[in-house]
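Undergrad: Here's the letter readout for the chains.
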Amino acid sequence: MPRRELKIAPRLEDLSVLEQGGQVDDDLEPQLDDDLLRRLHRTMLLSRRFDERLLRWQRQGRIGTFAPAMGQEASQIGAAAALRDSDWMVPSYRESAAALWRGTPLWGLILYDAGYNEGAEVPEGQKDLPICVPVASQIPHAVGLAYAAKYRGTDEVVMVFFGDGATSEGDFHEAVNLAGVYRAPVVFVCQNNQWAISTPLEKQTAAETLAHKAVAYGIPGVRVDGNDVLGVYLAASEAVEQARAGDGPTLLECVTYRLSVHTTADDPSKYREEEDVEDWEEHDPIPRLRRYLLDRGTLSEDDVERLEQEVDDDIEGAWDEAEGRMQQLGDPVDMFDHVYAEMPPYLAEQREAFAQQHEG
Amino acid sequence: MPRRELKIAPRLEDLSVLEQGGQVDDDLEPQLDDDLLRRLHRTMLLSRRFDERLLRWQRQGRIGTFAPAMGQEASQIGAAAALRDSDWMVPSYRESAAALWRGTPLWGLILYDAGYNEGAEVPEGQKDLPICVPVASQIPHAVGLAYAAKYRGTDEVVMVFFGDGATSEGDFHEAVNLAGVYRAPVVFVCQNNQWAISTPLEKQTAAETLAHKAVAYGIPGVRVDGNDVLGVYLAASEAVEQARAGDGPTLLECVTYRLSVHTTADDPSKYREEEDVEDWEEHDPIPRLRRYLLDRGTLSEDDVERLEQEVDDDIEGAWDEAEGRMQQLGDPVDMFDHVYAEMPPYLAEQREAFAQQHEG
Amino acid sequence: MAERTMAEAINLALHQEMEGDDRVIVLGEDVGATGGVFRVTEGLLDKFGEQRVIDTPLAEALIVGSSLGMAIYGLRPVCEIQFSGFLYFAMHHIESHAARIRWRSRGRYSAPMVIRTPYGGGVHALEHHSESKEAFHAHSPGLKMVIPSGPRNARALMLSAIRDPDPVIFYEPKLIYRAFREEVPDDEETLPIGQSQVAREGDDLTMICWGAMLHRTLEAAEALAESDGVQAEVIDLLTISPLDDSIFTESVRKTGRVVIVHEAQRSFGPAGEIMARLNEKSFWYLEAPIQRVTGYDVIVPYFARERAYLPDADRIVKAATTALES
Amino acid sequence: MAERTMAEAINLALHQEMEGDDRVIVLGEDVGATGGVFRVTEGLLDKFGEQRVIDTPLAEALIVGSSLGMAIYGLRPVCEIQFSGFLYFAMHHIESHAARIRWRSRGRYSAPMVIRTPYGGGVHALEHHSESKEAFHAHSPGLKMVIPSGPRNARALMLSAIRDPDPVIFYEPKLIYRAFREEVPDDEETLPIGQSQVAREGDDLTMICWGAMLHRTLEAAEALAESDGVQAEVIDLLTISPLDDSIFTESVRKTGRVVIVHEAQRSFGPAGEIMARLNEKSFWYLEAPIQRVTGYDVIVPYFARERAYLPDADRIVKAATTALES
Ligand SMILES: Cc1ncc(C[n+]2csc(CCOP(=O)(O)OP(=O)(O)O)c2C)c(N)n1
Ligand SMILES: Cc1ncc(C[n+]2csc(CCOP(=O)(O)OP(=O)(O)O)c2C)c(N)n1
Ligand SMILES: [Mg+2]
Ligand SMILES: [Mg+2]
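Protein chains in written order, with our numbering: chain A, 831 to 1190; chain B, 831 to 1190; chain C, 312 to 637; chain D, 312 to 637.
Keep in mind the hints are simulated off the structure, nothing from the lab.
Hints may contain errors.
The calculated label-pair distances, taken between Cβ atoms and stated as ranges, are [what the hints assert, rightly or not]:
1) Asp857(A) <-> Arg914(B): 54 to 64 Å
2) Arg892(A) <-> Pro476(D): 29 to 39 Å
3) His326(C) <-> Arg914(A): 49 to 59 Å
Each computed DSBU-like pair below joins lysine-lysine, with the alpha-carbon atoms no more than 30 Å apart [stated by the list, open to error]:
4) Lys592(D) <-> Lys565(C)
5) Lys837(B) <-> Lys837(A)
6) Lys358(C) <-> Lys1100(A)
7) Lys592(D) <-> Lys592(C)
8) Lys565(D) <-> Lys592(C)
9) Lys1100(B) <-> Lys358(D)
A virtual CB, placed ideally from N, CA and C, is assigned to each residue, including glycine.
Model the full assembly from the supplied sequences, consistent with the hints where possible.
TA: Following this line, the structure appears as structure tokens:
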């Protein structure tokens, strides 16, 4: 063998099911019942309207900095929908849409955005990890969870979310590599929204696609249209079933776009063209799914209107709920809680001193 | 495109030139002049005999722990030989063979192994970085050097060495990824010697080969028989010329074997079969090159004998040189040197106190 | 001479040094197109181009590790870690390499590089965006750690840091990036690294602090002067390491009473070394226990409770009173 | 009851705890087939199999990060970082996650995990293999840091660490892995984390130390007793964080004179916090400046000069004499 080309064994593919116009690929179209389809649509819509409202609240100073999911609702919810309640979801800081799907209350997200640690609390029984801010650092945690779930002989699967920028961090590499070696039941969902704050994908890596990175770990890599909720659901379901069957991890690249700011501290006009945003608005995942639902008669125009009113009411109600709780949460002495299972003496002394100062 | 396979653009290949029996591939055989071939052979032999001697000295307590290059002489020297003096070489802790090729004196390596910081000194003018112990951490340094060399408009190339285990570290990933983005003039030489201390390659990664990892960075990946010095030289030269031409980095996997201990603190019998070692001894790079040189008349049997005597004398001479220097290097007060360009007052105070205590 | 914020002053230093020295390269996450999340590198990309102002991939260890390679080559990289809470990712390159390459190579190579990073709390940021871990770097031989306290000294110290032959961690107190303006001369001005300054003179009490805490300490000092005529001497360290213990030990010989203020958590925090030096060099002059006003030994709370974590003038005044009364 | 080295004693603890609790998993580089480079995990692979004794890929951040995931799930991972000088690679998982998951999740999740790592000098090792960076971890709320000083307490503390509900960094003084043997009961024995011990009683002077330095300090104490009849009280911290300041502050109220000994570099090293606590709690009892005997503020030299770096009995005696005479 003087000089020969090397081949690649695991699958490395690209797929999509639902076109923007509502056309579907008949071979690939997943047979989802109307109820699931309606829930997908409703949660995507709720997430969108919620982000829009949060942006307003942020400008009014009612909450602090936050990272909208706008544009990525199909990627997040389509992927999370492939999980069972017994599975784990490990988010970064942008997975509010996935969190809503999993059961996190709107008021919880508001509390977090308003700067209360209580907002990071995951509802009992919901197997999600808390929001993780350091980019990519949640990925090794997910692999550890997956290893443990396998060690315990369960059929639990772990799905971990991260962005395109996260693939440049060593944590991504180390964790996916480990999952490959131990065939851990984990699905790596990369939300390729084209930007890491102001850094475009081409400055992030020279890889042809992010799915190609799977080759480095000997695992399947799948690239899917991230604004096609059916495509994401299909690809994620295949990956989840593979993991559940004990056949190891998959790297799933959801090609999507961050329609809004990185966070409310960010000004995209400094680094991207309004035209690009407009082009991508043409591929908005919500109208796309809606078109499909209207075509197949799962939704009527009236339903849609009613729905929009409904989610807006939910959001208003959530604000009242959150505000009520914030009144209760004033006391800063709580900052001494949960540092250790048992408070060391010197910390108790500090707490004591603090408490006195703040009463007197 | 409902579902289609993704392709790979940059070359991903496997090559070898010189078989164990001495047969060469005529198309690929590099046309090297006798002088270069003799130097390659001599340095490989010197490195081998030096390691053998160091192992004895270590057992006798004359030096401390060290990491032999035995078995990897062709990988290291074949690669380093593709460099010019104006290029940079960035080693890990096992590149003693490459260091000898680059001009590091034997006595310098002995000083290092005897625990003197002076042993880490790189001879003036020789563009190598010092030995780097933290696995993979030298790789980003190499990419930084390469970026700087390119920024300065030079045609310098940087070659960085690391092992199979090193590919699991985040530093490897982050650095190769950056080099891909900036097409930095760097050659990544992975010495795949099958083991990371006691950890075999299959526990290190599920990748089909280490060359496959290049796909994650959109750069060429080349796998070469690391015990074939002609093959390594050819592959390295192609990679170096590509880098020099401004066409970016290459990941080169040299498939070789660590014939001896990981370091003298290690006992391989705990984790690998003597048979494997014997099998690999069949592929020893030195007899392979020698066979080729004898066949083409570049060396005679007498030359070989003379050569062995010669290198042994060099090694003996180096010990005397090193020992002589160790006498001079006794003074521990030197440990206060080179911490900062300028010694801070409190450090000067500490040095003073130390000096007094050690005189008095 | 113009009135500048600290962010503008550091930006000025970068512009001027990049103009004057083509070895200077700026790199980090989002330092180019956006000019950094705090706009400290604003305008550099347009002026100096992509070769010298690099938006790197998202990897902190890489930013520091590749900067070190550039420094070894002979460039003068100024890299930015977006928030000091992400500097931990690069700990091994800082501790094991940047701090040691001079020593390891016996002077053949060195690391003339600056690691800029915004640190500290008080700006309503997310988790990991309000950290103060001076202690992680001050404990490393071979490293320098500098913390400015205002526009003018920030600009001067940045110039000195870039020109310094050794690696400098430049901690920028984000709370005061835009909190106030100060006259900053257009003409180049430097300040020696490794020297602290007396920010306010007084004979009754010595207060030692740095960064954003300087201003709360000065506020407390004024309050003390007004309320009970106590004159506190306030010392601004400016350099954490190599620590200049000459000025504060001198001051304490005069006052005998000390308050140390920092944002970092209390236990094993930076105040410990200052207390150690005082114990070693001014022990016989101490008339009362040294008081520490610091962050509590908790994780910095999310911003709704952040104010309660940070030292403020009230806490400093209380501590001073204790120091004076005992 | 059998005579065991410290390496054997820790190995015993791991064997016993893995037998008794199937949540315990051991992972790290080369912990399986070779039983670890110091043989501390010897025999575990054969006994408990590849599921519970994992030779990981070569990646420290991963070892700590994936251990945290296992701990969150409810397992009790005991991971090994081959040398403490490579723990820096995992700094972000230790500081930003292991130390915080309880707090971040408001108690819903926790990190009952142990990070074992050999630390300290004196064994003729290569660069990065002789480090003592207690200060990097002692400064982090949410983390615990334990350092045994001999076979018996190492075994007992390891059992406690594995059972602790919070993450414990278990620093193993490699200099004494095999330096001596001690009776270590076969029956389970634990020691409370967060409590120091009096290793030698005395009324004239208090010596505070831990790890391998305990033995050099005791040596110095004996020398002092013989030469000038001085009785030093020697306190072995055992836990660095959460720091138990009750016993040493008590002792100093009795003796008024103090020597602190550690291997770590001097500036911003762990002694600073001990001095701070003494200042705060025993100030009025101090009769002389506290003496520090530490590593110098240099990078630990390669082994030919390593002895000169490490504190030894002579230096400790000298410091004690100074403390007694001033
Ligand atoms: C380790 C780390 N470095 C830097 C940051 C600051 N930061 C927050 S988000 C972000 C960009 C992340 O981009 P990507 O991974 O694509 O996710 P996206 O925000 O686009 O969803 C950066 C640099 C951080 N949070 N963590
Ligand atoms: C970051 C780091 N972790 C662990 C070690 C301890 N160690 C030294 S060499 C080695 C194995 C390296 O294997 P590989 O990369 O294949 O290189 P080889 O030794 O086989 O040449 C390990 C774990 C180290 N030096 N640095
Ligand atoms: Mg992104
Ligand atoms: Mg190897």
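Undergrad: For the pair Asp857(A) and Arg914(B), does the Cβ-Cβ distance stay inside 54 to 64 Å?
TA: Since the Cβ atoms of Asp857(A) and Arg914(B) sit about 57 Å apart, the hinted range of 54 to 64 Å holds.
Undergrad: Would the pair Lys592(D) and Lys592(C) pass a check requiring their Cα atoms to be no farther apart than 30 Å?
TA: 20 Å, holds
Undergrad: Take the C-beta atom of His326(C) and the C-beta atom of Arg914(A), compute their distance, and say whether it sits inside 49 to 59 Å.
TA: 56 Å, holds
Undergrad: Does 29 to 39 Å hold as the CB distance between Arg892(A) and Pro476(D), or does it fail?
TA: 37 Å, holds
Undergrad: Are the Cα atoms of Lys592(D) and Lys565(C) separated by 30 Å or less?
TA: At roughly 24 Å apart (the allowed maximum being 30 Å), Lys565(C) and Lys592(D) satisfy the hint.
Undergrad: Is Lys358(C) close enough to Lys1100(A), meaning Cα to Cα at most 30 Å?
TA: OK: Lys358(C) and Lys1100(A) at ~16 Å, within 30 Å.
Undergrad: Quickly compare the C-alpha distance for Lys1100(B) and Lys358(D) to 30 Å and report which way the hint goes.
TA: Holds: Lys1100(B) and Lys358(D) sit about 16 Å apart, inside 30 Å.
Undergrad: Are Lys837(B) and Lys837(A) close enough, with their CA atoms no more than 30 Å apart?
TA: Given that 30 Å is the threshold and the Cα spacing comes to 10 Å, the pair holds.
Undergrad: Between the alpha carbons of Lys565(D) and Lys592(C), is the straight-line distance 30 Å or under?
TA: At roughly 24 Å apart (the allowed maximum being 30 Å), Lys592(C) and Lys565(D) satisfy the hint.
Checked against the numbered hints given earlier, this structure breaks none of them.
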